[in-house]
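Undergrad: Protein chains in written order, with the UniProt record's numbering: chain E, 1 to 416; chain X, 1 to 283; chain U, 1 to 178.
Please keep in mind that the hints were generated in silico from the structure rather than gathered at the bench. This one's a predicted model, so the numbers in the text were calculated from it and none came from an experiment. Any given hint might turn out to be false.
Said to hold, decoys possible - The following residues of chain U were derived to be distant from chain X, with all beta-carbon distances above 10 Å:
no.	residue
1	Glu7
2	Ile32
3	Trp33
4	Asp35
5	Pro42
6	His48
7	Asn79
8	Asn81
9	Glu103
10	Ser114
11	Glu126
As the list claims (entries may be wrong) - Restricting the straight-line Cα-Cα distance to at most 25 Å, the calculated cross-link-like pairs of lysine-lysine (DSS-like) are:
no.	chain 1	residue 1	chain 2	residue 2
12	X	Lys80	U	Lys43
13	U	Lys67	X	Lys218
14	E	Lys409	E	Lys397
15	U	Lys38	X	Lys218
16	X	Lys80	U	Lys53
17	X	Lys265	U	Lys38
18	X	Lys176	E	Lys151
19	E	Lys307	E	Lys295
20	X	Lys80	U	Lys26
21	X	Lys218	U	Lys43
22	U	Lys134	X	Lys265
23	X	Lys218	U	Lys53
24	X	Lys218	E	Lys152
25	X	Lys267	U	Lys38
26	X	Lys176	E	Lys236
27	E	Lys226	X	Lys265
What the hints assert, rightly or not - Per label pair, the in silico range of CB-to-CB distance:
no.	chain 1	residue 1	chain 2	residue 2	range
28	E	His222	X	Gln153	21 to 27 Å
29	X	Glu123	U	Glu126	45 to 51 Å
30	U	Arg6	E	Tyr163	30 to 36 Å
31	U	Ser4	E	Arg74	17 to 23 Å
32	U	Ala22	X	Glu165	40 to 46 Å
33	X	Glu123	U	Arg6	33 to 39 Å
All C-beta atoms, glycine included, are put in the ideal place defined by N, C-alpha and C.
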Amino acid sequence: MASLSPWTRYSLCRSLRYCRSSASSVLFSRDLLRNQNGIAGSGSSRDNCTEAPSPSSSDGKQKASSGKAVTISRAMRAYMERAKAHDDMMKAEVADYEIGKRHLANIMGEDPDSFTQDDVNRAIEYLLPSGLFEKRARPMMKDPYEIFPKKKAAQFGLDGRPYHWLYFTTSPNYYALLYDIAWKMEDLKAEEDRLAEEKDGKPDREKESSDFTLARSEWITHQRLKDLLVENVPEKEYRHFLVLMERLAAHPLAYKMEEFIATYREPIAMQSQTLEVPQIEVDSDGRSFATASGKRKKCAATVRVFKPGSGKVVINGEDLQYFSNFVYRESLLFPLSLTGLVGEVDIEAEVQAQGGPTAQAGAIRLAVSRAVTAFVDESIREDLRLAGMLTEDPRTKERKKPGQEKARKKFTWKKR
Amino acid sequence: MSLYSRMIRWRACQSVKSCCSLHKTALSRAKVNLEQVARFSGSKLVCNQQEVEAPTPMRGEETESVADTALQHDDYFGLKNLVTVRDLFEARVHLGHNSGLRHESMSPYIFGERQGTDIIDLEQTLPLLQHALDVCAHIVYRGGMVLFLSRNQQTLPWVERMAQEVGEYSHCRPWKRGIFTNASSIFSTLPIYPELCVFLGTQDTVFEMHLGIVESSKLLIPSIGVVDSNCDNSDLTYHVPGNDDTPAAIHLYLRLFREAVTRAKAKRKEDGLSLDPVAYDES
Amino acid sequence: MAGSRRESVGSILTRLQGLLRAGAMKAEDRPIWYDIVKAKPPKPVPPHREVQKILYPEDFVRARFYKTYADPGATVLSNENSKSIPQKFVDRYLELHGKGETEPSRLFEETTQSLAAEGVRLITHEERAAARGKSQVTNKSQASAVTPETTEPGTSEKVKVKSPSQKVDIKGLFDEKS
Chain E
1 MASLSPWTRY SLCRSLRYCR SSASSVLFSR DLLRNQNGIA GSGSSRDNCT
51 EAPSPSSSDG KQKASSGKAV TISRAMRAYM ERAKAHDDMM KAEVADYEIG
101 KRHLANIMGE DPDSFTQDDV NRAIEYLLPS GLFEKRARPM MKDPYEIFPK
151 KKAAQFGLDG RPYHWLYFTT SPNYYALLYD IAWKMEDLKA EEDRLAEEKD
201 GKPDREKESS DFTLARSEWI THQRLKDLLV ENVPEKEYRH FLVLMERLAA
251 HPLAYKMEEF IATYREPIAM QSQTLEVPQI EVDSDGRSFA TASGKRKKCA
301 ATVRVFKPGS GKVVINGEDL QYFSNFVYRE SLLFPLSLTG LVGEVDIEAE
351 VQAQGGPTAQ AGAIRLAVSR AVTAFVDESI REDLRLAGML TEDPRTKERK
401 KPGQEKARKK FTWKKR
Chain X
1 MSLYSRMIRW RACQSVKSCC SLHKTALSRA KVNLEQVARF SGSKLVCNQQ
51 EVEAPTPMRG EETESVADTA LQHDDYFGLK NLVTVRDLFE ARVHLGHNSG
101 LRHESMSPYI FGERQGTDII DLEQTLPLLQ HALDVCAHIV YRGGMVLFLS
151 RNQQTLPWVE RMAQEVGEYS HCRPWKRGIF TNASSIFSTL PIYPELCVFL
201 GTQDTVFEMH LGIVESSKLL IPSIGVVDSN CDNSDLTYHV PGNDDTPAAI
251 HLYLRLFREA VTRAKAKRKE DGLSLDPVAY DES
Chain U
1 MAGSRRESVG SILTRLQGLL RAGAMKAEDR PIWYDIVKAK PPKPVPPHRE
51 VQKILYPEDF VRARFYKTYA DPGATVLSNE NSKSIPQKFV DRYLELHGKG
101 ETEPSRLFEE TTQSLAAEGV RLITHEERAA ARGKSQVTNK SQASAVTPET
151 TEPGTSEKVK VKSPSQKVDI KGLFDEKS
């Protein structure tokens, strides 16, 4: 990487122009590099962006191919002018960004053609080191499309008529969703009335409804709803949506709307399904084994569990008498008794000698539990999880506080 | 005996003086009634006689001959035969609120008070409703946007569906302040306003008037409103006295407005007024 | 839209006309509704008037009925063919009135007798009060039994009363000879 003299770096910093976009990110402007390298900064491209293109139909009338005049609404004309101005501005920004990137590559003494965004980031970090904590506040140079917020497309046609029939509510997508829910509810009510009249519909109904359940899924989150509707949905409105959906789902015939309801549900993953089960390996003697590690307080343990075994336990080369206290021996063998593997497996554990026996025994127990999951089936694995054998204990020693004797204990103090 | 036939009979009683020798206790009151009815029916004749001013072409304006001819027609869309007083009565349009809740501006449209409830005069409602439908149809005929508003939760889905099906707009949700008066910042475009607001009920909550009425009035947007006996009709351009709570009544209004808009759109197509907008040419 | 936002000043039509007259809005920019509202302006509001109470001749009959007789009990609303006792009374009263009797108190008596002939026994307030006093000693349920009609809607078909229509001559219906 090319090194710069202090003066060059200083002048580079001075000519830097920070543009704060509305997305509160900082744009490393292309003007910098243009000035730095003596390129004539005529600013002609900039002038082009701000200058509004003269409306081609100033009288608002256009001749259609049929020869009849059609009025383009004033709102649409204004929108199109603004959209064109924005496009021009973006085009100029992109062109400047490309030039700036090449200059940056030249400064860094690299090949301008193969200079990627990662290289740009690296160069900026090197040339303009910043001590600011907030990453977004540091100098940056990015593709203008990432920096400038995207503009919303026009919500109305050339004749000035909005596309959406709930346009005037300001949240057409959200209210259209509520409208859908309301009509689904009305449909269900009508269906219920119809079924009540003809009583034969009952057995059919029970059969179908049997596999409709909400237990395996939950309502989509507030953020997800916002993304789905591409609208800002206030918290209150989100709760209103939930109330309506709950009401719809609680209807006895809700299974008929399963497809609709499912679009606003997200499946809940079972925790035992997300567990990582260690691979079963085979050693030189042909015995299969699984390796796992566990932690408790500051102590870490690695355990190998051999499947056809005789119940032999080796901890750091010693047997179970490594722990003098029975409580610890029992605790590390508990996963085996829970799964019914006592006397059927061998355990080989390596544990760091730091920390007390509780930490060591706990770490071994967690590692054993994890390793054992490789040899048992799904239901026993779930039993292990429910017994808390597969959960790491996050508690650690609390730090000592200054002005206190220990973490919580205070110095003895007497008023006089 | 239905209330409807009673109403007709009551009218008959009132107009023929000789028939009205009532019970002693009611006699004096009946005399007052008669005088007032006579006075009222006279004044009503006067209002019915009002002249409709022919549209005068404005200076510097090329007259849009087709639309103007349609405007001079008394009932261009044939909306007068859509509804009768009987239909209104059967849809419970005559039922007002408790007399204690009566709004002063509505008293000319109230037929009388029956056991503490105001009864709206359907013979006044009918022409006003037909007039409003005609105006609505003419605005649609010229390509105007119509916004249907209502705050009645019970009939909300029907109002929205009607608006969607006829290709117009609807707003039956809580009114955010400034949708009209501050439109450019709320929608972040040049403001777009409907050409007509139709309020199927003028109350927002039980105690408040719909904010859209004042906003449309401020922004020079004409409004049509169904006003119940407890509502203020002063800010509406066209008011239709009638029940705004009963689903049957609201469904009747919806049916009528749907018909008016549909007919106007059909006529618009027939008369060659609707054009597909051409693509905007960038050059 | 340009124009005064004081909605209390004039109507939308007068305010827009003001804009056009002053040149703040060009004639070709006028909104779609302008020609329509100008050609079909809102109808003038009729003059203010007192709201009258709506009363029918039968109201007075019914009022007198309730003043004289005790509440005849519950009515079966599900059967639309059965009429309540006060309604039967009113219908019979108007029917008899159509036959020529005009003196109200006599007409009232005649109606009572006519209904009694059909098995509808009406209890006056005094009788009811007396029966109450007795029932406190003996049985409560005896006093409340009024007529067979209230419990049996089927029997009411026997008492077929022609409903009075507009044809009923109500002349002198409530005149008391004084």
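Undergrad: Indicate, hint by hint, whether the structure satisfies it.
TA: Against the structure, the hints:
no., hint, result
1, Glu7, "violated, 4 Å"
2, Ile32, "violated, 4 Å"
3, Trp33, "violated, 5 Å"
4, Asp35, "violated, 6 Å"
5, Pro42, "violated, 5 Å"
6, His48, "violated, 6 Å"
7, Asn79, "holds, 18 Å"
8, Asn81, "holds, 15 Å"
9, Glu103, "holds, 12 Å"
10, Ser114, "holds, 20 Å"
11, Glu126, "holds, 23 Å"
12, Lys80/X to Lys43/U, "holds, 16 Å"
13, Lys67/U to Lys218/X, "violated, 56 Å"
14, Lys409/E to Lys397/E, "holds, 14 Å"
15, Lys38/U to Lys218/X, "holds, 18 Å"
16, Lys80/X to Lys53/U, "violated, 31 Å"
17, Lys265/X to Lys38/U, "holds, 21 Å"
18, Lys176/X to Lys151/E, "holds, 23 Å"
19, Lys307/E to Lys295/E, "holds, 23 Å"
20, Lys80/X to Lys26/U, "violated, 35 Å"
21, Lys218/X to Lys43/U, "holds, 21 Å"
22, Lys134/U to Lys265/X, "violated, 77 Å"
23, Lys218/X to Lys53/U, "violated, 38 Å"
24, Lys218/X to Lys152/E, "violated, 29 Å"
25, Lys267/X to Lys38/U, "holds, 21 Å"
26, Lys176/X to Lys236/E, "holds, 14 Å"
27, Lys226/E to Lys265/X, "violated, 36 Å"
28, His222/E to Gln153/X: 21 to 27 Å, "holds, 24 Å"
29, Glu123/X to Glu126/U: 45 to 51 Å, "holds, 46 Å"
30, Arg6/U to Tyr163/E: 30 to 36 Å, "holds, 34 Å"
31, Ser4/U to Arg74/E: 17 to 23 Å, "holds, 21 Å"
32, Ala22/U to Glu165/X: 40 to 46 Å, "holds, 42 Å"
33, Glu123/X to Arg6/U: 33 to 39 Å, "holds, 35 Å"
Consistency with the previously given hints fails for numbers 1, 2, 3, 4, 5, 6, 13, 16, 20, 22, 23, 24, 27, ordered from lowest to highest.
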